[in-house]
Amino acid sequence: MESNYDEDLSDNVFFQVLQNEFGALFERATLEGWIICVPRAGSMPKYALTTNDFFSHILIPNDELPETHFRTLNDKDVKINNRVLFVESEVGTTFSSHVLFEETFYSEDMLKYKVLCVESPLQQYCDGVRAESGITTVLTLRDCIDLLWTESCKEVLERMDDCISLFLTTNERLEFLPLQDQKDLVGGLYTKCLQIALKDDRLREKTSSNRYLLDNVKVSVESYVHHGIYKKLIKGITGCTAYEDASFNKIVRNLSDIQLRDLNIGAEFQSVIPKARSELRRVEGYSTVVGKVGCLRKTVTAISCQDSASSQTGSALAADELLPMLVFLVIKSGLPNWIAHLTYMKEFSYSSSNYHANQHSFLVTSLEAAITYIKDDFLVGPMEPESQLAYQEYDRPEDELSSEDEKPSGPGVTLLTSLFEAAKKGEEDEVKRILEQHETHSASSLEGLNLCHPLCSCDKCEKQLSYTMCNMAPTVNSCDDRGFTVLHIAAMYGQARVVDALLRMGAKPEKSDYKGSTALHYSCARGHQNTVLLLIHSGVKLNPVDNERNTPLHLAAANGHETCIKALLYYTEQTGIEFDPNLTNNHGDTPLHNAARWGYTNIVQALLEYGASPFVGNKRKQTPLDLAHNMHLLEVLSNPFRTAGPATPVNISLKNISVAAASTSQLDFSDERVDASPTIKLGVRPNSTDGIRKVERVLRAIMYGDVRLACFYLSIEPSSGDSEHQSCHPLCSCKLKRDESSSNAVGTKAKEPMNINVCDSDGMTPLHMASKCGRAELVKLLIDAKADVNVCTLNGMSPLHLACLNQRHRVAAVLLETHLCSIDAKDNFGNTALHYCCQNSNSKLVTLLLSYTPRIDIRNNDGKTPLDEAKEILSLTIIQLLTEYCLKD
Amino acid sequence: MADLQTNGGTGNYNFKVVLLGEGRVGKTSMVLRYVEDKFNDQHIQTLQATFLNKKLNIGGKRINLAIWDTAGQERFHALGPIYYRMSNGAILVYDITDEDSFQKVKNWVKELKKMLGSEICLSIAGNKVDLEKERNVPVEVAEEYARSVGAVHFHTSAKLNVSIEELFLELTQRMMERAQQLEMQKANELTRTNSMRRNIVVVDEDEPAAPTRTCCGTT
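Taken in sequence, the protein lines are chains A and B. Residue numbering for the first sequence follows this note's numbering, starting at 913 and increasing by one per position. Residue numbering for the second sequence follows this note's numbering, starting at 106 and increasing by one per position.
Hints listed in this document are in silico derivations from the structure and should not be mistaken for laboratory results. Check each hint, because a few of them may be wrong.
[Stated by the list, open to error] For lysine-lysine, the following DSBU-like pairs were computed, each having C-alpha atoms within a straight-line distance of at most 30 Å:
{"no.": "1", "chain 1": "A", "residue 1": "LYS1026", "chain 2": "B", "residue 2": "LYS166"}
{"no.": "2", "chain 1": "A", "residue 1": "LYS1210", "chain 2": "B", "residue 2": "LYS160"}
{"no.": "3", "chain 1": "A", "residue 1": "LYS1066", "chain 2": "A", "residue 2": "LYS1024"}
{"no.": "4", "chain 1": "B", "residue 1": "LYS291", "chain 2": "A", "residue 2": "LYS991"}
{"no.": "5", "chain 1": "B", "residue 1": "LYS291", "chain 2": "A", "residue 2": "LYS1130"}
{"no.": "6", "chain 1": "A", "residue 1": "LYS1258", "chain 2": "A", "residue 2": "LYS1095"}
{"no.": "7", "chain 1": "A", "residue 1": "LYS1104", "chain 2": "A", "residue 2": "LYS1144"}
{"no.": "8", "chain 1": "B", "residue 1": "LYS264", "chain 2": "A", "residue 2": "LYS1258"}
{"no.": "9", "chain 1": "A", "residue 1": "LYS1024", "chain 2": "B", "residue 2": "LYS166"}
{"no.": "10", "chain 1": "B", "residue 1": "LYS160", "chain 2": "A", "residue 2": "LYS988"}
{"no.": "11", "chain 1": "A", "residue 1": "LYS1427", "chain 2": "A", "residue 2": "LYS1244"}
{"no.": "12", "chain 1": "A", "residue 1": "LYS1130", "chain 2": "B", "residue 2": "LYS160"}
{"no.": "13", "chain 1": "B", "residue 1": "LYS166", "chain 2": "B", "residue 2": "LYS238"}
{"no.": "14", "chain 1": "B", "residue 1": "LYS166", "chain 2": "A", "residue 2": "LYS1095"}
If you're wondering where the values come from, they're calculated on a predicted model, not measured in any experiment.
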């Protein structure tokens, strides 16, 4: 039993009589170090207090077990166990009494003796009447109401009810006030209610003599007030702490994979976690400070339960263990408004402020410490899920021992580990080095391994396995025992350069691990915008689902990664890809549910802008509106179509995103590339749906060969040299008129000339399209209009690449004539323009290219030079051309 | 502050005492040893030693000691202020076999002086004197240091129950003195607002700072 019972023993009749009338006995007891038990005030029958009564309340410690076993002066055995006194009575039956508290006395001359205050006398009285337990501890709301009910009368409660409802009507806008005002108002209400309670004669009389009762009444009144206004009050508090809560949630969500060992908590606590966590989660359900703190107390008790189970002696729970445990539990609790609850407990407890140093404040302080610890980002570095990678390595040796026969261990596994390690740290060169190791080996062997089931032990497979042992260098698509590829790792740690390199090496971005998560999932969950952009620009599906049917958007929304959300949404808008933001996961939650639950206002706004519906119900029939726990969010959610206000800021931030997108492409990813073009230049992406549509129109026009229309769209002079193109486009009756219209405010298209280097979702610029489709005259026009000849598609292809790939001789000639083309540029497959010519065995193009002195020793991702390509298709003319070129050099 | 210490003028005191010091110097054992005393640890209700109450009665004055254990690991250092604010006393524990832990004590003292001025009573405990052979912190150095910062030094052993009770008792008495001074000051301030420095008895060079600080706190 929780005893916060307290009384001043100097006022206790029993103790007074002992000291005054049985002075000799008392002195003897103090000198001998005997323990004096004092029944709490009011528990002793009035007629008692004989010598024998005192004898039975003085305990002499046993010689052997002085801690727990005692004998009374009238020869009865007494045991103390877990704060309960057991007295052996004459008939052989035992009865017990709680020890309420222990007080150590030091007399004037520093003589020390100990007094136990017990709940009931240690002497059974023949009439069997035991005073009813007068000890009420108010730990729950129920206790509080019971106390007020029994100690006062119905009218008191009714009057308090009136007071509370009056308060609620007069302070209708309580939740919109600043926190301090709320606190003051509620404090005023508490004082008023306490006055009402103490106006009651009976209660006033009792409390004036019993401080303990007074304290309890205070707590009860406070709790009653809390309960009455909780719904309104907590709304107000969450409103005030919304921002803090959201940023706290973001930290917590991103730590959600945390393990006990990350916090240096011993494994022995594992067993208590479920119980402790479910206790802690209930904090939300209590409407009173008393209830919430009680919930913390139960949590702490649950944490310390492990000791009693594991060992008899029970090593006590120390602060060194309690704090990390609380940190862990808070992270795992899944409550969305911890700061609000903490504020409530800290600021709205009026009655307990006088015992400040008590357990109540200790519990709240511990929670505060845990929350501060999380909030201040103390949990960095090893606490991130990367630590799980490390564990995998710890765990591995055992696995290997057991599965050595069927699992090709050794160099392959370790190489894979070091590959992952390099990817994690962003060591791009190291990653490439390891991956190239594979390429230098024979390529075929690994396929055999991939096809074969790891457990298969037929002769053929065994043979293949032993063969492949020789070459276990991991490929870009090798995965470990969790199904992670190196791309997953790089995406998880936001190593944009590595991701870029891997994508170029042909890593499959769609590949999912055993949880069904793709690299995009991990990037979004961890909030690495750069990698997200790289991945989506590589053309992956934007809505892949993992085993829990979470899309990357779900994860980014749950973890509060606004930038990733906006990158995804913006990308879909820009490319016009069909994208449903209302997909539901296994719980029936949409991304909007996640964002609303954790209070990320900005994300909610962005999602709403892109058509997320606030009315979708999840499997518990909760809509995002139901999950929103603060008022700002409710407001945003309930006015999803209020576009004027929030729309503009979102648009602005989207523009910032596009800047960010551009800057990722400017990151110097491309050390591998030939010197001629040290950076890839991507086209300019339009940042509005209108712009996207225009680009599509231009490209279509080029594809269909409508040069004039394309020129019109791009607002370039159709031709400077060709007279036939002098006339206007049919849509425009004459040149003058077009000029007029261009100066016209309505003709925005013409007014804002389109950037010549615009591109679509694949990075195709007009120049690319013209080169691909062989529109030589348009290529010339575009180049004259300052189109960039080295601009690349997302596959890293320059116009020259496309021209060679599609065997557009004239276009290639035009491009090369500019002398601006970097002829040795490699695309994402490592091919130069010459590679493509050779692959297509187009000797005419090869001749053309060779006249511009390209390098012919460049190897593509398959490790082949152009000459190798030519040999492979046995194109004799080209082989000859190349060898001649070699010799000429 | 005074409201917390004197329980509504009944002559009862509520004191908050924090234990500070590096991990594994024996803070928890000390507090357990002190509070358990005659009873084994099954006696402690929730088996947790992070927060314990001890009721004392010294010369007729009732004192309720709330003893707060704190997490000692370095990574939790920044949480210190959350724990030690509003405390009346602090026990700084170091391990006599561990020079580092003594350095930590010095840091804590510096921090406490900075944050709480001399409102707080300090005791320094060199724990684990049962391992005297492995002592790494010289007795003179430790005691000299304690004197220089106005703290009282104890050589303790939680294992053998050496000086634990004395440590807490002495600290309690000092906290009582401090509280009584504050009460007197308060009374003086009521009668005449000047001459705030007259009642200082305790030998502590930082002392003059105390009155001004506390009178602001006594609301």
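Hint-by-hint comparison with the structure:
1. LYS1026(A) x LYS166(B): holds (15 Å)
2. LYS1210(A) x LYS160(B): Roughly 24 Å between the alpha carbons, so the hint for LYS1210(A) and LYS160(B) holds.
3. LYS1066(A) x LYS1024(A): violated (48 Å)
4. LYS291(B) x LYS991(A): violated (47 Å)
5. LYS291(B) x LYS1130(A): Given pair LYS291(B), LYS1130(A) holds - Cα atoms ~27 Å apart, limit 30 Å.
6. LYS1258(A) x LYS1095(A): Distance of about 11 Å is within 30 Å: holds.
7. LYS1104(A) x LYS1144(A): holds (19 Å)
8. LYS264(B) x LYS1258(A): violated (37 Å)
9. LYS1024(A) x LYS166(B): Holds: LYS1024(A) and LYS166(B) sit about 14 Å apart, inside 30 Å.
10. LYS160(B) x LYS988(A): holds (27 Å)
11. LYS1427(A) x LYS1244(A): holds (20 Å)
12. LYS1130(A) x LYS160(B): Status holds; Cα separation ~23 Å.
13. LYS166(B) x LYS238(B): Distance of about 41 Å is beyond 30 Å: violated.
14. LYS166(B) x LYS1095(A): The given pair, whose Cα atoms are some 35 Å apart, is violated under the 30 Å limit.
The earlier numbered hints that this structure contradicts are 3, 4, 8, 13 and 14.
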